[in-house]
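Visitor: Chain residues, written in single-letter form:
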Amino acid sequence: MANENELLTELTDSEYKYGFTSDIEQEYAPKGLSEDTVRFISQKKNEPEFLLEFRLKAYRHWLTMKDPQWQNVNFPTIDFQDIIYYAAPKKKQELQSLDEVDPELLKTFEKLGIPLSEQKMLAGVAVDAVFDSVSVATTFKDKLAEKGIVFCSFSEAVHSHPELIKKYLGSVVPYTDNFYAALNSAVFSDGSFCYIPKGVRCPMELSTYFRINAKNTGQFERTLIIADDESYVSYLEGCTAPMRDENQLHAAVVELVAHEKAEIKYSTVQNWYPGDKNGVGGIYNFVTKRGICKGISSKISWTQVETGSAITWKYPSVVLQGDNSVGEFYSVAVTNNFQQADTGTKMIHTGKNTRSRIVSKGISAGKSQNSYRGLVKVLKKAENARNFSQCDSLLMGDTCGAHTFPYLEIGNSSSVVEHEATTSKINEDILFYCNQRGISQEDAVALIVNGYCKEVLNQLPMEFAVEAQKLLAISLEGSVG
Amino acid sequence: MILEIKNLCASIDEKEILKGINLTINPGEVHAIMGPNGSGKSTLASVLAGKSDYEVTSGSVTFKNQDLLDLDPEIRAREGLFLSFQYPVEIPGVSTANFLKASVNEVRKHRGLEPYDAMEFLKVMKKELELLEMDKSFLSRSLNEGFSGGEKKRNEIFQMAMLDPVLSILDETDSGLDIDALRIVAEGVNKLRNTERSFLIITHYQRLLDYIVPDFVHVLYQGKIIKTGTKELALELEERGYDWLKSEVPSLEEVQ
Ligand SMILES: Nc1ncnc2c1ncn2[C@@H]1O[C@H](COP(=O)(O)OP(=O)(O)OP(=O)(O)O)[C@@H](O)[C@H]1O
Ligand SMILES: [Mg+2]
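If you read the sequences in order, they're chains H and G.
No gaps in the numbering here: position 437 of the first sequence is 437 in my numbering, and each next residue is one more.
All you need for my numbering is the position in the second sequence, starting with 1, plus 481.
Read the hints as simulated data drawn from the structure, not as lab findings.
Take these hints with a grain of salt, some might be off.
Once the Cα atoms are required to be at most 30 Å apart in a straight line, the calculated DSS-like pairs of lysine-lysine come out as [stated by the list, open to error]: (1) Lys608/G x Lys454/H; (2) Lys617/G x Lys454/H; (3) Lys346/H x Lys261/H; (4) Lys381/H x Lys198/H; (5) Lys470/H x Lys604/G; (6) Lys425/H x Lys496/G; (7) Lys727/G x Lys487/G; (8) Lys454/H x Lys604/G; (9) Lys617/G x Lys425/H; (10) Lys470/H x Lys545/G; (11) Lys727/G x Lys454/H; (12) Lys454/H x Lys487/G.
The following block holds chain H by itself, in its conformation from the complex (with noise of 0.2 Å):
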């Protein structure tokens, strides 16, 4: 709670902080969507044949399919024809140290706070920066090496890991999957990647940041992360956009493999700019992330914060297929104004005593509606299965919806499945309630809400989380009162 008057600070100014565009030289792709955009894409980045094989027989497979329209949300068709599919700094060496990096990319950087600066890479947090769609600048990566790790943009390790690459790209996520993993697929540019090898604990929390710069360029990241036998990892992804009109389309795939007795934390927090008070502009965000727990007694845990995007569409889930392994997804969603959110999560147990746990905080506010979507499947031989889910939502307000759409499908009669719901409402009593304490509307409803994410919140490693405590703020600055 020591930086409740920082937040009181952040809360005066209510403008999209990150809403401005660098002036860099880009390189683009041609408009629009063809086998030779992919082609263009494979060959820019100088990609073995096998990829390029991968990315076609997507492109081919994404031919044949057609955008979902089960989620509930609303929005204009996409013309997937009118979109860039790359756009790369078009200054792009191997730079040696930061002193190399285009001083208008850094001068974004620091305005998003990205600790790219040596003080923050003291604080022991490697960042690999991804601008648009070409990682420009990776730190600590010898630090990593010294242990084995391999941490590096994706096209970096297509290069330097391609066994790697061509044994678990897709296999968590196929293209055939669904259709934006499909275009994913084929157009995507670039991503991270990380590999852990076996017995090694990452010494450092691992953070990328994604940032959409370039307009009318759609972003589709790729990331594979990879935990081999008793290995650690945790993986922070940090997501700001500058303010667009029209809308962006974010098409990301996340792919992580946990061997035997390993153990990977994703983290996300996410404030893509979410459009403004009318609804206008604003990031679309429609992403699979899915990790496979393939070893026995291996753990895939996925924490998100998600404040921001005119639409969010996103399930990351977990297949438990080691026995005894563990999933869990904790996520805090907000909404406000015209936001609109489909999320939730699967877990899927085919292994003997797997357990999951999700933990899903909804906040709606304004005129969003908030949605909390969760398949939990047992298959007939995960015996013991166990399943934990509590969904909460908070509504702020008459005019906003939370939803939730629990499935559940068991396969047997030895597992355990328990669900639990809550709706509470922050009111006007409440909130005169800490008036009257002193405590004025707006950090009142920080304070309240905080409280209630708590349970997620605790779940980020340390900086992370005062961070995510204070865009909940600020997302939600004005939506009461």
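Starting from the structure of chain H, add chain G with the ligands where the hints point.
Guide: Then chain G with the ligands, alone, in the frame of chain H:
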């Protein structure tokens, strides 16, 4: 004087509840307000604290030489006006300690004092808890969530002690308290009594006034103070009820 209410009229949803209240409170004074259910006691407390549901239609309120009605509720609180609610709300997920820290530090900031750090704050809280014979475990529980009726009231007095107000309005803090709790709460109030601090105590029972001896007792009836006396008036009300007073205000009956 600390508070001067002049001809205060207030309504809610077009219905007039307060119909011309006059009341002056000087530093160090304890005033009690009694009156039948629905006479407007809580309404008066809410209007003074700044609840926006009520519309002040006429009259004025001066608090520490400022126009009270002009101040936002949180500013009133920071200026030292405290309301112990008749029905304290529950705030899930926010611990009593965290809530109070936010509250106390806001008030301190307003008064030009340094905010407490966590350690100091814990020390101060523990001291006040002891005085009110409350268990430490309350601090980590969500504010008022699952508290018994009496515990909620005690928690209000605990907050009052922490916030060091100049004017405390206690709205039926005694109802729901067992005999021991009543004594403890009253002692808590008495400890705070000095020549600076004033109290406005709303109650139905004379018993509380045995412990906290008031300087004045007022009877609120249908939105007006129809009688003012000293502590003996409370005794008389306990014996005779309110009926005998009603006949003393024929004008009100006529209004009906
Ligand atoms: N929204 C409203 N619309 C109409 N009348 C209201 C509204 N809210 C309160 N009232 C009325 O205002 C009157 C005064 O209520 P108030 O709570 O101030 O009484 P009180 O003196 O505190 O009573 P008690 O001793 O029962 O606590 C009551 O008759 C109540 O029904
Ligand atoms: Mg009352």
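Visitor: Each of the hints needs a verdict: does it hold here or not?
Guide: Comparing the hints with the structure gives:
no. : hint                : in the structure
1   : Lys608/G x Lys454/H : holds, 28 Å
2   : Lys617/G x Lys454/H : holds, 21 Å
3   : Lys346/H x Lys261/H : holds, 21 Å
4   : Lys381/H x Lys198/H : holds, 29 Å
5   : Lys470/H x Lys604/G : holds, 28 Å
6   : Lys425/H x Lys496/G : holds, 27 Å
7   : Lys727/G x Lys487/G : holds, 23 Å
8   : Lys454/H x Lys604/G : holds, 24 Å
9   : Lys617/G x Lys425/H : holds, 29 Å
10  : Lys470/H x Lys545/G : violated, 36 Å
11  : Lys727/G x Lys454/H : violated, 54 Å
12  : Lys454/H x Lys487/G : violated, 46 Å
In this structure, the earlier hints numbered 10, 11 and 12 are contradicted, and the remaining ones agree with it.
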